[in-house]
Amino acid sequence: MALHPDFPLQTERLRLRPFTRGDVDGVFAYRGREDVARYLFDPPLSRDECALAIQQRATQTGFFEEGDRIVLAVETAHDGKLVGEVSLIWRSVEARQGELGWIFHPDHHGRGYATEATNALLDLGFGPADMHRIFARCDARNEPSWRLMERLGMRREAHFREHGLFKGLWDEEFYYAILRDEWLSLRHV
Amino acid sequence: MSSLRLPIETDHLVLRPFERGDLDAVRRYHTLSSVQRYVERPTRYEEDVAAALAVMRSQVELHRPGETLTLAMVRRGDALLVGHVSLKWSDATAGQGELRFAIDPAQSGKGYLTQALTAMIDLAFDHFRIHRLMVRCDGRSHHSIKLMQKLGMRLEAHYREHALFQGEWDEELHFAMLDREWRPTAKVQDLPMRVRVA
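Just so you know, the protein sequences line up as chains H and C, in that order.
Every letter in the first sequence is one number past the one before it in the working numbering, and letter 152, counting from 1, is 152.
Take any residue in the second sequence, count from 1 to its spot, add 189: that is its number in the working numbering.
Do not rely on the hints blindly, as some may be mistaken.
[To be verified] Among chain H residues calculated to face chain C with C-beta under 7 Å, some are:
no. : residue
1   : Ala95
2   : Arg133
3   : Glu157
4   : Ala158
5   : His159
6   : Phe160
7   : Glu162
8   : His163
9   : Gly164
10  : Leu165
11  : Leu179
[As the list claims (entries may be wrong)] Cross-link-like lysine to any residue pairs, in silico, SDA-like; alpha carbons within 20 Å at most:
no. : chain 1 : residue 1 : chain 2 : residue 2
12  : C       : Lys335    : C       : Tyr348
13  : C       : Lys339    : C       : Cys326
14  : C       : Lys299    : C       : His201
15  : H       : Lys167    : C       : Gln285
16  : H       : Lys167    : C       : Thr282
17  : C       : Lys299    : C       : Arg289
18  : C       : Lys339    : C       : Gln304
19  : H       : Lys81     : H       : Lys167
20  : C       : Lys339    : C       : Ser275
21  : H       : Lys167    : C       : Ser275
22  : H       : Lys167    : C       : Ala283
23  : H       : Lys81     : H       : Pro128
24  : H       : Lys167    : C       : His320
25  : H       : Lys167    : C       : Asp280
Treat the hints as calculated values from the structure; they're not laboratory data.
Glycine residues also receive a C-beta, built at the ideal position from the N, C-alpha and C atoms.
Throw the hints in and build the complete structure from the sequences for me.
Spelled out as structure tokens, the structure:
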């Protein structure tokens, strides 16, 4: 089922919208940082790499086939400041699976923005995208990340130890997931 | 990764590569619905079993990542083929391996799989220098779950409805073990013989 949502997605305090060329500095402000990149697959990005990434993302705004991703810039509604990004990947068409991701600028941590924005993507995934299960993963040492997943009502499904190498070291990884039924019961209490 | 010495002998079994003449014996258990319930590639018909046997017969060494070693479990004494075990070398840089198995339900509960898998785990960690071994099984496959716990494997993942399996939502468990978790419980090595002094 192809999906091209109308943007922006509006939450209480945030706007989720496609990236534009004007976002390069805003993205570089967090993707260029060592502490932000620590648990990401990419190393810190240069400004040019951020520009390239944004070019790719400008078209990642809908689902047409398996593997497609929706990547959205998150900005505050009151002053339009870019605080981070969220993504939803269509992992399996047949089994209706999605993967959730997010990256936020450390200056804006602790205000519930990530929770608010990722919740909006869960709504998109289970609502218009009609997914059955949405999962997310993180490094086991990245506590803020798995705490967020628990706030979203996701269950820890996997704790992999040394199942691969991550940036030259043995990794330890958590998988969290939420089923459509679980999301429905959280939304309609 | 050569110089693999086969067959491998356990208390009650001989683990050897499959042979052309094993077709009837494999068919006897592999087409049973209770075995089919949990296998990834169905082999309901005779020609499916023949194709599966052809593949298993070719899986006799691990030279490159991605390859699989499959051995028939043959009972000592009467040479009855009771099942098979396999080791897949899934990743070289991170030293990852995966074990799989199937047994004739008529022969289960006699400790044969425990013996065969113990030998395969020894082989994986000692001979092939695998760092982490994993086993996948269905959440309803209680015999497999018990067996994994008995072998000392950790439950690492419990996926719920993350894929469709044989037409319905699956429940998949992943068990795993690291080399250093296995070695402490491995059999105590015999001390080397030494000349008696005084």
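Each hint, compared with the structure:
Checking Ala95 of chain H against chain C: minimum C-beta separation of about 5 Å stays under 7 Å; hint holds. Checking Arg133 of chain H against chain C by beta carbon gives a least distance of about 5 Å; that is within 7 Å, so the hint holds. Given the 7 Å rule on beta carbons, the hint for Glu157 of chain H holds: about 6 Å separates it from the nearest Cβ of chain C. The closest approach between the C-beta of Ala158 of chain H and any C-beta of chain C is roughly 3 Å, which is under the 7 Å cut-off, so the hint is satisfied.
Taking 7 Å as the C-beta contact cut-off toward chain C, the hint placing His159 of chain H at the interface holds, the least distance being around 6 Å. The interface hint given for Phe160 of chain H is met, as the beta carbon of that residue sits about 5 Å from the closest beta carbon of chain C, less than 7 Å. Interface hint status for Glu162 of chain H: upheld, as the beta-carbon distance to the closest one in chain C is roughly 5 Å, under 7 Å. Because the smallest distance between the Cβ of His163 of chain H and any Cβ of chain C comes to about 6 Å, under 7 Å, the interface hint for this residue holds.
Interface restraint check: Gly164 of chain H against chain C, minimum CB-CB distance 5 Å, threshold 7 Å, status holds. For Leu165 of chain H, the interface hint holds, the least distance from its beta-carbon to any beta-carbon of chain C being 5 Å, beneath 7 Å. The beta carbon of Leu179 of chain H comes within 6 Å of a beta carbon in chain C, closer than 7 Å, and the hint placing it at the interface holds. The straight-line distance between the Cα atoms of Lys335 of chain C and Tyr348 of chain C is roughly 18 Å, inside the 20 Å bound, and the hint therefore holds.
Restraint check for Lys339 of chain C and Cys326 of chain C: satisfied, since their Cα atoms lie roughly 15 Å apart, inside the 20 Å limit. At roughly 10 Å between alpha-carbon atoms, Lys299 of chain C and His201 of chain C fall within 20 Å of each other, so this suggested pair holds. For the suggested pair Lys167 of chain H and Gln285 of chain C, the alpha carbons sit about 17 Å apart, so the restraint of at most 20 Å is met. As the CA atoms of Lys167 of chain H and Thr282 of chain C are separated by approximately 12 Å, the hinted pair is consistent with the 20 Å bound.
For the hint pairing Lys299 of chain C with Arg289 of chain C, the CA-to-CA distance comes to about 18 Å; that is within 20 Å, so the pair holds. Between Lys339 of chain C and Gln304 of chain C the CA atoms are separated by roughly 11 Å; this keeps the pair inside 20 Å, and the hint holds. Using a Cα cut-off of 20 Å, the hinted pair Lys81 of chain H and Lys167 of chain H is violated, with the two alpha carbons roughly 32 Å apart. For a cut-off of 20 Å, the pair hint linking Lys339 of chain C to Ser275 of chain C stands: about 19 Å separates their Cα positions.
Between Lys167 of chain H and Ser275 of chain C, the direct Cα distance comes to roughly 31 Å. Violation of the 20 Å bound is thereby established for this hinted pair. In summary, the hint linking Lys167 of chain H to Ala283 of chain C is supported, as the alpha carbons are separated by about 12 Å, within the 20 Å threshold. Annotation: proposed proximity of Lys81 of chain H to Pro128 of chain H is violated, straight-line Cα distance about 27 Å (limit 20 Å). The hinted pair formed by Lys167 of chain H and His320 of chain C meets the criterion: a straight-line CA distance of about 17 Å does not exceed 20 Å.
Restraint check: the Cα-Cα separation between Lys167 of chain H and Asp280 of chain C comes to about 16 Å, which is no more than 20 Å; the hinted pair holds.
In terms of the numbered hints stated before, the structure departs from hints 19, 21 and 23, listed from lowest to highest.
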